[in-house]
Amino acid sequence: MSDIHPRIKRERKTIKAMIGIYCKGKHKNNIDKCPICKELLDYSLNRLDKCKFQENKPICARCPIHCYKPDMREKIRSIMRYAGPRILYHHPILAILHLIDRTKKV
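Residue numbering for the sequence shown follows our numbering, starting at 1 and increasing by one per position.
Source of the hints: derived by calculation from the structure; they are not laboratory data.
Be aware that a few hints might be false.
Straight-line alpha carbon distances no greater than 30 Å define the calculated DSSO-like cross-link-like pairs of lysine-lysine that follow [as the list claims (entries may be wrong)]: (1) 9 / 38; (2) 52 / 28; (3) 26 / 69; (4) 13 / 57; (5) 69 / 16; (6) 9 / 28; (7) 33 / 69; (8) 52 / 75; (9) 33 / 104; (10) 52 / 38; (11) 38 / 75; (12) 26 / 13; (13) 52 / 13; (14) 69 / 52; (15) 52 / 9; (16) 104 / 28.
With the sequences and hints as input, model every part of the structure.
So this is what it looks like as structure tokens:
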């Protein structure tokens, strides 16, 4: 994992934080103990590792390539809608960096 670009490492932290916020709020659970959220986290991290843009990656919502399967995409969008506003309180630096990343173009 040491050869992973810092941008991708941060994306991995952000997605884990957002799924964690969602899981705790909706399922009253921890990602590690929730098979639904654990599966989505594993899937998301796998997609992130295989992203063709890597360090130049835009946020997924603005990406021209939709690499998520439609059902997983809907799940992650639901999580983003729930966790997006809440991440500012739990992880303010990640939230601000994510907002800055929204301005990047592919």
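Hint check results:
With a C-alpha separation of about 18 Å, the suggested pairing of residue 9 with residue 38 holds against the 30 Å cut-off. Taking the CA atoms of residue 52 and residue 28, the gap is near 35 Å; set against the 30 Å cutoff, the hint is violated. Using a Cα cut-off of 30 Å, the hinted pair residue 26 and residue 69 holds, with the two alpha carbons roughly 22 Å apart. A hinted pair counts as satisfied when its Cα atoms are at most 30 Å apart, and residue 13 with residue 57 qualifies at roughly 15 Å.
Only pairs whose Cα atoms come within 30 Å are accepted, and residue 69 paired with residue 16 is accepted, the gap being roughly 19 Å. A C-alpha spacing of about 26 Å is found between residue 9 and residue 28, which places the hinted pair at or below 30 Å, so the restraint holds. About 24 Å separates the Cα atoms of residue 33 and residue 69, which keeps this hinted pair within 30 Å; it holds. Taking the CA atoms of residue 52 and residue 75, the gap is about 22 Å. The hint holds against a cut of 30 Å.
Under the criterion of a C-alpha separation no larger than 30 Å, the hint pairing residue 33 with residue 104 is inconsistent with the structure, at around 35 Å. Straight-line distance between C-alpha atoms of residue 52 and residue 38 comes to about 24 Å, which keeps the hinted pair within the 30 Å bound. Pair hint residue 38 plus residue 75 holds up; C-alpha atoms about 12 Å apart against a cutoff of 30 Å. The hinted pair formed by residue 26 and residue 13 meets the criterion: a straight-line CA distance of about 20 Å does not exceed 30 Å.
Proximity of residue 52 to residue 13 is assessed by CA-CA distance (about 19 Å); at most 30 Å being required, the pair is judged to hold. For the proposed pair residue 69 and residue 52, the alpha carbon gap of about 16 Å is at most 30 Å, so the pair holds. The straight-line distance between the Cα atoms of residue 52 and residue 9 is roughly 15 Å, inside the 30 Å bound, and the hint therefore holds. At most 30 Å may separate the alpha-carbon atoms for a hinted pair to count; residue 104 and residue 28 exceed this at roughly 34 Å.
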